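Trainee: Residues per chain are reported as follows:
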Amino acid sequence: MSSTIRVNGREEALAADTVAALLAARDILPGTRGVAVALNGAVVPARRWEETPLTPGDALEIIRPVQGG
Amino acid sequence: MHTDTLTIAGRGFGSRLFLGTAGYPNQQVMLDAMEASGSELATVAIRRISLDGYSESLTDVLAGRFGGKVGLLPNTAGCLTAKEAVLTAQLAREALGVDWIKLEVIGDRELLYPDVEELLRATEELVADGFTVLPYCNDDPVTCRKLADLGAAAVMPLGAFIGSGLGIRNPHAIETICARSPVPVVLDAGIGTASDAALAMELGCAAVLLNTAVSKARDPVRMAAAMRDAVSAGRSARLAGRMPKRAFAEPSSPQLGLIGS
Chain A
1 MSSTIRVNGR EEALAADTVA ALLAARDILP GTRGVAVALN GAVVPARRWE ETPLTPGDAL
61 EIIRPVQGG
Chain B
1001 MHTDTLTIAG RGFGSRLFLG TAGYPNQQVM LDAMEASGSE LATVAIRRIS LDGYSESLTD
1061 VLAGRFGGKV GLLPNTAGCL TAKEAVLTAQ LAREALGVDW IKLEVIGDRE LLYPDVEELL
1121 RATEELVADG FTVLPYCNDD PVTCRKLADL GAAAVMPLGA FIGSGLGIRN PHAIETICAR
1181 SPVPVVLDAG IGTASDAALA MELGCAAVLL NTAVSKARDP VRMAAAMRDA VSAGRSARLA
1241 GRMPKRAFAE PSSPQLGLIG S
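Top to bottom, those sequences are chains A and B. Each residue of the first sequence is one higher than the one before, starting from 1 at the first, in my numbering. Each residue of the second sequence is one higher than the one before, starting from 1001 at the first, in my numbering.
Derived from the structure by calculation, the hints contain no laboratory data. Be aware that a few hints might be false.
What the hints assert, rightly or not - According to the in silico footprint, chain B covers these stretches of chain A (three or more CB under 8 Å from chain B): (1) 23 to 37; (2) 55 to 66.
Unchecked claim - Short derived list, chain A residues pointing at chain B, Cβ under 10 Å: (3) V7; (4) G41; (5) P45.
Predicted model only: the values in this text are computed from it and were never measured. The beta carbon of each residue, even a glycine, is placed where N, CA and C say it ideally should be.
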């Protein structure tokens, strides 16, 4: 049985054990401005990325501000 | 010259024009238009980062050009439910460090028309969570009153469908909303050209929020300047107190001493 999670709506293999690790692989660090993360529908503040584990079936949203009206 | 500061949730604005950042030919034009508009509040949307990773933040670009002169108003564009909108607002707060939110909860993807039930629910929840909520809503005095009662910092009724450029479809409704609202009224959506913005202010709106009218004009920077002037002119006309409308003619030239009388 493969371990997968959904990141921004796309299924991918669970390769990181914490939110911080997954984000770091995408060059996003706790100090990075203009980014926010929600795990299973709840915001995870940057200060808690390191201590928040990822488990199979989790859904992560990584967002940033874009042009809008 | 009297000062005419706009105050929303205790924050003062020198400009009564709020400007969106979407749909410009390129980022440079957007920045130039923002400057020409004199706006002190820019809206941004919240979206997933792209697959190719994280690039320069729009908010860094705005801050780089304007510093603290132009504040940020994130929106919940695209949300269909209160739940989605609340999460989006919370993510925006986390990403931007700003607790103001332009709350959009849509009931129809073609019309982008507000879903009043979900909008009221989301407003209540976000106010309780400490947000300064500016809800985009329909031009309905009852909805506007309910939103104000729930603690919205302003109400933002539409003039016409988002992006339609059809102007203010129901001026009497907007005027009525303005006359009764305990919070500032920001005309948001449907403005197409300068006269629409001026009319909004003449009807009693405290401010105007527009995007497409500028970004899709042939010359966005020039239109942004026009909107700046229009909002200013409409506001001055409002404060000046217009003449009453009359059913018949009333001559302005004297009636006595007419040649041949």
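Trainee: Of the numbered hints stated previously, which ones are contradicted by the structure, given in increasing order?
Mentor: Of the numbered hints, all hold.
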